[in-house]
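Peer 1: Which chain is which? The protein sequence lines are U and E, in order.
Going by our numbering, 101 is the number at position 101 of the first sequence; the sequence numbering is gapless.
Going by our numbering, 288 is the number at position 288 of the second sequence; the sequence numbering is gapless.
It cannot be assumed that every hint is accurate.
[Said to hold, decoys possible] Residues from chain U shown here face chain E by an in silico Cβ test under 8 Å; the list is partial: (1) K10; (2) V143; (3) G169; (4) Y175; (5) E180.
[To be verified] A few chain E residues facing chain U, derived, Cβ under 7 Å: (6) V114; (7) F139; (8) N292.
[What the hints assert, rightly or not] For lysine-lysine, the following DSS-like pairs were computed, each having C-alpha atoms within a straight-line distance of at most 30 Å: (9) U:K122 / U:K10; (10) E:K169 / U:K173; (11) U:K121 / U:K61; (12) U:K14 / E:K75; (13) U:K14 / U:K121; (14) E:K270 / E:K239; (15) U:K173 / E:K168; (16) U:K10 / U:K65; (17) U:K14 / E:K71; (18) E:K270 / E:K313; (19) E:K239 / E:K169; (20) U:K122 / U:K61.
Hints are computed from structural coordinates only; laboratory data are not their basis.
We put the beta carbon where it would ideally sit given N, CA and C, even for glycine.
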Amino acid sequence: MASIAQEFTKGFWKEIPPFRLVLGICAALAVTKSLVDGFGMGIALIFVLVCSNIIISMLRKVIPKKVRLACYIVIIATFVVIVELITQAYVYSLYEALGIFIPLIVVNCIILGRAEAFASKKSVLRSALDGLGIGAGYTLALVFLGALREILGRGTLFAGSQYVINLFGPSFKPYAFMVEAPGAFVCLGLLLGIMNVLGD
Amino acid sequence: MPSSEIKYRNLVISSAPHIHEGRSYSGAMYTFIIALLPAVIFAISRYGMDAARVIAVSIASAMASEYIIQKLFRKPVAINDGNALLMGLLMAFILPPSVPWWLIVVGCFFSILVGKQIFGGRGGNTFHPVLLGWVTLRFSWADYINYSYGAINYTLNFSVEYPLHVLKKSGAAAVSGLNYLDLFLGNQVGGTGASAVLLILIGGLFLIARGVISWRIPFSYLAGVAATASVFWLADSAKYADPLFHIVVGNVMIGAFFFATDYSSSPANKTAMLIFGFGCGLFTVLFRILSNNPNGVFFAILFMNILFPLLDKIRPAVPGKVMKEA
Numbered sequence: 001m002a003s004i005a006q007e008f009t010k011g012f013w014k015e016i017p018p019f020r021l022v023l024g025i026c027a028a029l030a031v032t033k034s035l036v037d038g039f040g041m042g043i044a045l046i047f048v049l050v051c052s053n054i055i056i057s058m059l060r061k062v063i064p065k066k067v068r069l070a071c072y073i074v075i076i077a078t079f080v081v082i083v084e085l086i087t088q089a090y091v092y093s094l095y096e097a098l099g100i101f102i103p104l105i106v107v108n109c110i111i112l113g114r115a116e117a118f119a120s121k122k123s124v125l126r127s128a129l130d131g132l133g134i135g136a137g138y139t140l141a142l143v144f145l146g147a148l149r150e151i152l153g154r155g156t157l158f159a160g161s162q163y164v165i166n167l168f169g170p171s172f173k174p175y176a177f178m179v180e181a182p183g184a185f186v187c188l189g190l191l192l193g194i195m196n197v198l199g200d
Numbered sequence: 001m002p003s004s005e006i007k008y009r010n011l012v013i014s015s016a017p018h019i020h021e022g023r024s025y026s027g028a029m030y031t032f033i034i035a036l037l038p039a040v041i042f043a044i045s046r047y048g049m050d051a052a053r054v055i056a057v058s059i060a061s062a063m064a065s066e067y068i069i070q071k072l073f074r075k076p077v078a079i080n081d082g083n084a085l086l087m088g089l090l091m092a093f094i095l096p097p098s099v100p101w102w103l104i105v106v107g108c109f110f111s112i113l114v115g116k117q118i119f120g121g122r123g124g125n126t127f128h129p130v131l132l133g134w135v136t137l138r139f140s141w142a143d144y145i146n147y148s149y150g151a152i153n154y155t156l157n158f159s160v161e162y163p164l165h166v167l168k169k170s171g172a173a174a175v176s177g178l179n180y181l182d183l184f185l186g187n188q189v190g191g192t193g194a195s196a197v198l199l200i201l202i203g204g205l206f207l208i209a210r211g212v213i214s215w216r217i218p219f220s221y222l223a224g225v226a227a228t229a230s231v232f233w234l235a236d237s238a239k240y241a242d243p244l245f246h247i248v249v250g251n252v253m254i255g256a257f258f259f260a261t262d263y264s265s266s267p268a269n270k271t272a273m274l275i276f277g278f279g280c281g282l283f284t285v286l287f288r289i290l291s292n293n294p295n296g297v298f299f300a301i302l303f304m305n306i307l308f309p310l311l312d313k314i315r316p317a318v319p320g321k322v323m324k325e326a
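Just chain U, same shape as in the assembly (with noise of 0.2 Å):
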C-alpha cells in the first residue's frame, strides 16, 4: 500500500490528470485561454474534489452499491452550487470567464473518477490527499497550459487580473491561433507528446 505522502504526490507527476490520465480535458481546453482562468478553474476543481472526496469517504459504507453513481453526483453537485455561487458573488470576473465551465464541474471526470476508483474504497485522511494532490496536479497543468497559450496567442502574462504583464512589448503580433479552441487542441496535444517522451 502507497505511504500517506505518496497519495499526495502521484497528482503531480505520475497521475498529473490532462497529461498522464488524459482525464479532464474538455475544461481544461477551455478554459485556458489564460493563466489566471486556467488557475481559477484548477481552484474551483480542488475544492469540489477535496470535499467531495472527504464525504464519499465518509459515506462509503453508507452508500448503496446500486445507486453509487447517483449519490456522488448529487454529493459533487451540492459542492459545485457552493464553488458557482461564491465565484458570482466575490469573482464575477473569473465566473464570467468560466462561465458554462463551472457547472459543468459536475459531470468531470476527474472528480467522479476519483470517487469511483479511491473514496469509496480508501480511509478519510487518504481521500482528502489524493483530492488535494490530483487537484494541484491538474491546477499546475492548466496554469502551464494557460500560460503556454497565453504568452503566445496574446503575449501577456496574467491577464484577467491587476497584474497584467505585457511580454513582448507593443509591438508584438500575438499567434492569436493559440487562443482559439483549434490552438487548444494542438497545444496540448503537443504537451501530451512531450511528456510521453520525458515520463518513459
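Place chain E on chain U using the hints.
Peer 2: Just chain E now, kept in the frame of chain U:
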C-alpha cells in the same frame, strides 16, 4: 544454423513490385518544383526583391524546420527528398509578397511540425501541411495575408484590389467589367506566385504529361467549380458572378493542380479522385458565395482532405472475387 539459410543465401527475397521503373519520390517532388519555376520567374519579375525574399525565406524555413524536427524526433534526416522544398515554395506562392519574414517562418514551422511530422512525416499527412499552416496564419494575422492590403505598395498596371474582395464587397456588377483574359494571364492581385494563373496551368499540365499527377483531381475540380458557379449564375446572373470568373481568379488553379493533388492527402482510386475533385470545386464556390470569407479554395481542400479516407473506400472489385448472392 538451419541448412536452408545457407542454401539460399545468394538469393534476395523481397516482396512485390519486382520491376521498378526508375522513378522516385524525390523525382516526383522535383518535377513539382520544376512545374512551379515559370511562376517563380513571373513573380520575381513582377514584385522584384519582395517576391524573391518571400520565396527564399519560405523555402529556407521549411527546410530548416524539417531538419530540426527530424533531428529532435531522431528520425533519418530526409531534407533532400524535395518535399520540404516544395512545401516552402507552395507556402510562398499563396502568401502576398509583402508579408513579414517572421510570419512565413511561423507558418512553415507549423506546417512541417503539426501538418507533416506529427502525422508521421512524408506520406502520412491527412491534411495538406501548407494549408494547415496557412489556416493558423489566417486565424492570427488575417490583415497581413490579405491579398488586397498586400498589394497596396506596388505600382501595378491593373487594379490592386483582389477580384474576390471586389466581388464580395460590391457584387457581380463590379467584376463584370474585368477582362477575363487579362486575369488569366496573371494580371490580378493574389498570392506571390499563385496569381500567375496561366503559368500555374501550364505547370499543372506539365505534371499530368509527366505522369506525376492524375488528370482526374484537377479537371474534376475545375468542373466542380464551373458546375456549381453555373447553377448560381443561371439562377440569378445579376447577383452571382459567372463560372469563368470563378475559375480564373484567386487560387483555384494552384489549388486544383498543386494542393488538391498532394499524394498523401488525396484519394488514390479513380472514382474517388473524381468525387474528391468535384467536391473541392463544389465547396470552393459554396464557401466563396455563402460565407463571409471571399476565399474558398483552401478551406474547401482542407474539408475534402477530411473526407478522403472515406472516399478511398470506393474502389473497384478485386478481380476474381466472387460476389455473395443476396
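Peer 1: Taking the hints in turn, state whether each one holds.
Peer 2: Against the structure, the hints come out as follows:
1. Evaluation of the K10 of chain U hint against chain E yields a violated restraint, the C-beta minimum of about 29 Å exceeding 8 Å.
2. Among the interface hints, the one on V143 of chain U is violated; its C-beta lies about 23 Å from the nearest C-beta in chain E, farther than the 8 Å criterion.
3. Look at G169 of chain U: its Cβ only gets to about 14 Å from chain E, farther than 8 Å, so that hint breaks.
4. The interface hint given for Y175 of chain U holds, since its Cβ lies 5 Å from the closest Cβ of chain E, which is under the 8 Å cut-off.
5. Contact between E180 of chain U and chain E, as hinted, is supported at the beta carbon level, the nearest pair being about 6 Å apart and thus within 8 Å.
6. Interface hint status for V114 of chain E: upheld, as the beta-carbon distance to the closest one in chain U is roughly 6 Å, under 7 Å.
7. The interface hint given for F139 of chain E is met, as the beta carbon of that residue sits about 4 Å from the closest beta carbon of chain U, less than 7 Å.
8. At about 16 Å, the closest approach between the beta carbon of N292 of chain E and any beta carbon in chain U exceeds 7 Å, and the interface hint on this residue is violated.
9. Distance restraint check for K122 of chain U and K10 of chain U: the Cα-Cα separation of roughly 16 Å lies within the 30 Å cut-off, and the hinted pair is therefore satisfied.
10. A hinted pair counts as satisfied when its Cα atoms are at most 30 Å apart, and K169 of chain E with K173 of chain U qualifies at roughly 27 Å.
11. Using a Cα cut-off of 30 Å, the hinted pair K121 of chain U and K61 of chain U holds, with the two alpha carbons roughly 9 Å apart.
12. Annotation: proposed proximity of K14 of chain U to K75 of chain E holds, straight-line Cα distance about 28 Å (limit 30 Å).
13. Taken as a hint, the K14 of chain U and K121 of chain U pair is honoured in the structure, with Cα atoms around 20 Å apart against an allowance of 30 Å.
14. Under the criterion of a C-alpha separation no larger than 30 Å, the hint pairing K270 of chain E with K239 of chain E is inconsistent with the structure, at around 36 Å.
15. With a C-alpha separation of about 27 Å, the suggested pair K173 of chain U and K168 of chain E falls inside the 30 Å cut-off, and the hint holds.
16. With a C-alpha separation of about 28 Å, the suggested pairing of K10 of chain U with K65 of chain U holds against the 30 Å cut-off.
17. As the CA atoms of K14 of chain U and K71 of chain E are separated by approximately 28 Å, the hinted pair is consistent with the 30 Å bound.
18. About 11 Å separates the Cα atoms of K270 of chain E and K313 of chain E, which keeps this hinted pair within 30 Å; it holds.
19. With a C-alpha separation of about 12 Å, the suggested pair K239 of chain E and K169 of chain E falls inside the 30 Å cut-off, and the hint holds.
20. As the CA atoms of K122 of chain U and K61 of chain U are separated by approximately 11 Å, the hinted pair is consistent with the 30 Å bound.
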